[in-house]
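Those protein sequence lines, which keep their order, are chains A and B.
Per the working numbering, the first sequence starts with residue 7, numbered consecutively.
Per the working numbering, the second sequence starts with residue 42, numbered consecutively.
Check the hints yourself; a few may be wrong.
Between beta-carbon pairs, the in silico distance windows are [what the hints assert, rightly or not]:
1. A:Asp197 x B:Gly51: 25 to 35 Å
2. B:Gln193 x A:Val73: 48 to 58 Å
3. B:Glu203 x A:Tyr100: 40 to 50 Å
4. B:Gln193 x A:Tyr100: 53 to 63 Å
5. A:Tyr100 x B:Val59: 29 to 39 Å
6. B:Gly109 x A:Leu96: 44 to 54 Å
7. A:Tyr100 x B:Asn108: 26 to 36 Å
8. B:Ala129 x A:Asp68: 35 to 45 Å
9. A:Ala171 x B:Asn108: 55 to 65 Å
10. B:Lys87 x A:Ala171: 55 to 65 Å
11. A:Asp197 x B:Glu206: 45 to 55 Å
12. B:Lys87 x A:Asp99: 50 to 60 Å
13. B:Ser306 x A:Leu96: 15 to 25 Å
14. B:Ala254 x A:Asp99: 40 to 50 Å
Hints listed in this document are in silico derivations from the structure and should not be mistaken for laboratory results.
Glycine included, every Cβ here is placed at the ideal spot set by N, Cα and C.
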Amino acid sequence: MDFGNIIDAALSQALGPQAIVFALAAIGLNIHFGYTGLLNFGQSGFMAIAGFGLAVSVVRFDLPFFVGVLIALVTPVLLALVLGVPTLRLRADYLAIVTIASSEILRLILGAVEFKDVFGGSNGLTGFVRPFQDLNPYSGPLDLGIVSWSRSDLWSLTVGWILVALGCLLVWALMRSPWGRILRSIREDEDAVRSLGKNVFSYKLQALILGGVFGGLAGLFHVLKQGSAVPTDFNTTFTFYAYAALLVGGAARVLGPVVGSIIFWFLVAGLGELFDQLTDGSGVNLPTWLMTDTQASLVRFIVLGLGLMLLMIFRPQGIFGDRREIAIDAR
Amino acid sequence: MPANLKRSTGEAATASLVDVPRVPGAPKPDPIVKGDNITRTFGGLKAVDVQHIEIQRGVITALIGPNGAGKTTLFNLLTGFDVPDTGAWSFNDKSLAKVAAFKVARAGMVRTFQLTKVLAKLTVIENMRLGATGQRGEKIWSAPFKSLWGSQEDEITARADELLERFKLDAKREDFAGSLSGGQRKLLEMARSLMVDPELIMLDEPMAGVNPALKQSLLGHVKSLRDEGRTVLFVEHDMDMVREISDWVIVMAQGQIVAEGTPESVMADPAVIDAYLGAHHDTDLTELDPAELEAQAEAELDAEAAAEEAKE
Numbered sequence: 007m008d009f010g011n012i013i014d015a016a017l018s019q020a021l022g023p024q025a026i027v028f029a030l031a032a033i034g035l036n037i038h039f040g041y042t043g044l045l046n047f048g049q050s051g052f053m054a055i056a057g058f059g060l061a062v063s064v065v066r067f068d069l070p071f072f073v074g075v076l077i078a079l080v081t082p083v084l085l086a087l088v089l090g091v092p093t094l095r096l097r098a099d100y101l102a103i104v105t106i107a108s109s110e111i112l113r114l115i116l117g118a119v120e121f122k123d124v125f126g127g128s129n130g131l132t133g134f135v136r137p138f139q140d141l142n143p144y145s146g147p148l149d150l151g152i153v154s155w156s157r158s159d160l161w162s163l164t165v166g167w168i169l170v171a172l173g174c175l176l177v178w179a180l181m182r183s184p185w186g187r188i189l190r191s192i193r194e195d196e197d198a199v200r201s202l203g204k205n206v207f208s209y210k211l212q213a214l215i216l217g218g219v220f221g222g223l224a225g226l227f228h229v230l231k232q233g234s235a236v237p238t239d240f241n242t243t244f245t246f247y248a249y250a251a252l253l254v255g256g257a258a259r260v261l262g263p264v265v266g267s268i269i270f271w272f273l274v275a276g277l278g279e280l281f282d283q284l285t286d287g288s289g290v291n292l293p294t295w296l297m298t299d300t301q302a303s304l305v306r307f308i309v310l311g312l313g314l315m316l317l318m319i320f321r322p323q324g325i326f327g328d329r330r331e332i333a334i335d336a337r
Numbered sequence: 042m043p044a045n046l047k048r049s050t051g052e053a054a055t056a057s058l059v060d061v062p063r064v065p066g067a068p069k070p071d072p073i074v075k076g077d078n079i080t081r082t083f084g085g086l087k088a089v090d091v092q093h094i095e096i097q098r099g100v101i102t103a104l105i106g107p108n109g110a111g112k113t114t115l116f117n118l119l120t121g122f123d124v125p126d127t128g129a130w131s132f133n134d135k136s137l138a139k140v141a142a143f144k145v146a147r148a149g150m151v152r153t154f155q156l157t158k159v160l161a162k163l164t165v166i167e168n169m170r171l172g173a174t175g176q177r178g179e180k181i182w183s184a185p186f187k188s189l190w191g192s193q194e195d196e197i198t199a200r201a202d203e204l205l206e207r208f209k210l211d212a213k214r215e216d217f218a219g220s221l222s223g224g225q226r227k228l229l230e231m232a233r234s235l236m237v238d239p240e241l242i243m244l245d246e247p248m249a250g251v252n253p254a255l256k257q258s259l260l261g262h263v264k265s266l267r268d269e270g271r272t273v274l275f276v277e278h279d280m281d282m283v284r285e286i287s288d289w290v291i292v293m294a295q296g297q298i299v300a301e302g303t304p305e306s307v308m309a310d311p312a313v314i315d316a317y318l319g320a321h322h323d324t325d326l327t328e329l330d331p332a333e334l335e336a337q338a339e340a341e342l343d344a345e346a347a348a349e350e351a352k353e
């Protein structure tokens, strides 16, 4: 067994572009769910609409790249308005239903044969990230010994982690303010906030928009680091993995979603590599009745799910959470 | 405190109501709330059916009545937490019918809840700060920059600390509100609503679940609200409290106002006694001889049984 490979695989994913996508999406979910108590089960929809917002404007409408980026950041705002205005006056579950449905609708429309001329069907769109790669200041790959990244990944990482850092800074600044206090209060009891003269609906909408823009940022970054926008990348499992990452790190904590995403990908990639090596027929191997090489990549998610359950039982507040906040429950 | 609040006293409050007729829907000399034809039905049940109601400014008005009389529903309607089928009402001559709850609160009419709504996972002081209105830091564009709202936050905190001290909650300042006892939550909710600086404060069963020791201080706090010039409207089942602190009592039954008057006159009203209080509302049960009580109860039961038999 080669532990070096396992650590390499785990670290390059944990600090790599995929973890950044999750971190950005989970920062958005943290604003929705962690701070405001909004159940957005369609974060992948916000990602998809932003990713394709860029791709379609550049590929189909020949707009300049940076105009495309701007459009990509406006589209999640529009989606949040469409989803939020009719549902945020209702009970919390309505938002959950509407968001999960809309993200599926978006994904199916984006991948539909009928709209192949616009969205490129199931293959999606490519050829719009040139200007992003042209900005790459690095001359070669980075090799840190145990972990290495290609030149283009290195550029993605730089941009991505800067975005994550700025995002955390913004969330920190917002959540210590009276604005953040209102969001946390809405999470506890909307009616109490209303009775004190605050327009709850407006604040929920603001939170939905802001978190949605972070989802859009995640989608934007995803298509940039990948060089293509593919509809199947934005399926609902993504939203739930992002939720898992958020809960691992600790909801309603500024760094919770970031640390959670890093740990999530460390485990997914590390366990994947470990199980691969344990079933590849050389060196130490698990008996085949326990696990075969075709099962290896799936078993890691079973183990991960088990881990998440144990976490919820023994440390429900996540890694960064405040135990006292969980321990008291008014109802 | 708003400039238009005039300090008042119990005597002044009583004096202002001397000439008011003791009838349901009686007009008041200086009403802060005026409502007409307010109805709300749930299915076939008419929960609230109020022809006319006026609440006198600067006094403590109690709203009493049996369970299901529509007191809390009326509260919900007046404060925008529920929408009426029909009706119009004004607050300071400004129509507030079908206005959103948060606007009602901003207009100066703030309520508390029967089941307290403290924000359990916020600290006591954060609960208090939330109540302040017109905070610059509540706007998303200025929120990230503490320099824009920091000084205002300090003023708010100072005001909150004063109120916490007044309500004897200063020792709990940094505790999560969820760790407070039921009575302390009632106090916190009342203190928090004062952060809004309301002209009219509406308390929904402020005494429910409060231990006797705390009751006395709560009574004092409610009186002090009136004495600093605010108007108080409260729903309560605790007759001792109603008798002790209210200047005026409105009795509801089956959605309608059935009687109005001073506490003494209302509690002497046979219709009210019949509908709500029961014949023994005035006797302190602990002072009676147990044997006598038992005899009384038995006599009543016998009478009831006899009545039943007579019907059949």
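The hints, checked one at a time:
no.	hint	verdict
1	A:Asp197 x B:Gly51: 25 to 35 Å	holds, 32 Å
2	B:Gln193 x A:Val73: 48 to 58 Å	violated, 39 Å
3	B:Glu203 x A:Tyr100: 40 to 50 Å	holds, 41 Å
4	B:Gln193 x A:Tyr100: 53 to 63 Å	violated, 36 Å
5	A:Tyr100 x B:Val59: 29 to 39 Å	violated, 53 Å
6	B:Gly109 x A:Leu96: 44 to 54 Å	violated, 27 Å
7	A:Tyr100 x B:Asn108: 26 to 36 Å	holds, 32 Å
8	B:Ala129 x A:Asp68: 35 to 45 Å	violated, 59 Å
9	A:Ala171 x B:Asn108: 55 to 65 Å	holds, 57 Å
10	B:Lys87 x A:Ala171: 55 to 65 Å	holds, 60 Å
11	A:Asp197 x B:Glu206: 45 to 55 Å	violated, 27 Å
12	B:Lys87 x A:Asp99: 50 to 60 Å	violated, 31 Å
13	B:Ser306 x A:Leu96: 15 to 25 Å	violated, 46 Å
14	B:Ala254 x A:Asp99: 40 to 50 Å	holds, 42 Å
The earlier numbered hints that this structure contradicts are 2, 4, 5, 6, 8, 11, 12 and 13.
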